[in-house]
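Undergrad: Those sequence lines, one after another, are chains A and B. Quick note: the first sequence, position 93, residue 93 per the working numbering, numbers continuous. One gets the working numbering by counting positions in the second sequence from 1 and adding 1000 to each.
Rather than coming from a laboratory, the hints here were simulated on the basis of the structure. Keep in mind that a hint or two might mislead.
Stated by the list, open to error - With the C-beta cut set under 7 Å, the calculated list includes, among others, these residues of chain B facing chain A:
(1) Val1048
(2) Asp1181
(3) Pro1225
Unchecked claim - Covered stretches of chain B, as calculated for chain A (at least 3 residues, CB under 8 Å):
(4) 1165-1179
(5) 1250-1263
No residue lacks a Cβ here, since even glycine has one placed at the ideal position from N, Cα and C.
One-letter residues, chain by chain:
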Amino acid sequence: MSEDDGRYESPALAGSDNFDHPCTLTIKRRSGSDVLLVAGVIDARARQALDDLSRQLISPLVAFDFRDVKRINSMGVALLLRCFKYLKDEKHAEIRLLNVNQVNAMLFRITGVLLLATLEESPYVGRLQ
Amino acid sequence: MNRTPAILSFFDDESTREEWEPALAPFPVQEMALHRMEKRPSPESNVVPQAAVIWADVYAARGREIVRRLRERHPRLDVVVLASFQTPEIPLWSLAADRVRHLIVADPAEEGARIQAVLRTLAAKSRWEFSSSLDPGFDSRTFRLFDRGDKEPIIGEIESLVSGDGPDLEMLRQKCALMADEMIENAVRAAPEGALSKQGIVVEAGFDGETLALQVADGWGALTPEKALEHLARHQDGPPCADGGGGRGLFILWQFFDHFHINIASGVETAIGGELRRSSPKAPGQLKGYDFFHIVSSDHVPSPHSFQQEGDPYV
């Protein structure tokens, strides 16, 4: 099994080195699926990274792993919605969401993200170390 | 002639009225029924309504008509809709159309003090103090943000207010970080050019061990109560839209906060805030209340962190 990794990172905020957690997206290609490891804060800065990434995904099944996500704000939700809509409409992909903590699961429910993607239930509560 | 202030109340059954009576007891409440409103008040009437409280079931059945009649006589009357945790979802478009700036969803036996504080604030036409519900001696932080780059350190400091281990505290930290992020981004996005670096925005947080209170205030006052209600209503009903982010942050705040408030002095100041409880009785997605206190400019009293430069006139 070969793994092709792609890594995309949102720009860092100047002056907040110890506190900034820019969004990073790492692709792990598996047989029949792409697994996308998401980390950091998903906010407006993640736009380019998500746009670039969407074009790289090729499998009919795409899993987004949110284990290392610190926070997703409303702009991050908007970008994820745009990404998921693109993957469904243009690439006809099935999207699964893995290791989503309770707060992000609530966020996805109330913002309609779960109309585009399937949440794999997890009691995961943890945070970025 | 002496004018008697009163809160007009609309309940449709005795048991509900009795449930809410203790919470309303400190106020001069005048019970109303729709048929009584059909007659014009006599010229000798000395009742001056300060607000109207309408029980959710009454609002669902006859609310539009009641509010219309009330506003015919008292155009600027504050209308409060009262609901319980069992009340089904109330369409926000209806509340927005009726300019209902207060929706109280509570168990009156548990939150009587808070309900009274809201009505007192309404009657005084003043702003909601973000720490109103915190126990004395709460731990607090105040920050002034002049650049978006200051956001993450401030959020880190707010998270550090909630110290300790355990899933409930971890959840509270995650929620408060998200709430702070949304409120800061909201204020930053609304800033006129150059205003953020010149005036900054004020971020306040307090935690008493059970309740965490947050508020972000700006000095541009771009929001109106009607606009806020429109945003909430659009996201309550609409399908997810990637480019429909306008107001999504406000909707998220409303859904996550256990109590959500906005102090609005149009053109002068907007302060968005709320409370998160460690042991919250409400889940996101459940019917939530809101309080939008519209401070009319002539009544505006500067906050302790006033944005007005000396000599600036109020709008």
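Undergrad: Does each hint hold? Answer for all of them.
TA: Status of each hint after checking the structure:
Interface hint status for Val1048/B: violated, as the beta-carbon distance to the closest one in chain A is roughly 40 Å, over 7 Å. The restraint placing Asp1181/B at the interface with chain A holds, with a minimum CB-CB distance near 5 Å, inside the 7 Å limit. For Pro1225/B, the shortest C-beta to C-beta distance to chain A is roughly 20 Å, which exceeds 7 Å, and the interface hint is violated. Only residues whose C-beta sits within less than 8 Å of a C-beta in chain A count toward coverage, and the stretch 1165-1179 of chain B has 8 of them, enough to reach three; the restraint holds.
Only residues whose beta carbon comes within less than 8 Å of a beta carbon in chain A count, and the stretch 1250-1263 of chain B has 4; three or more means the coverage holds.
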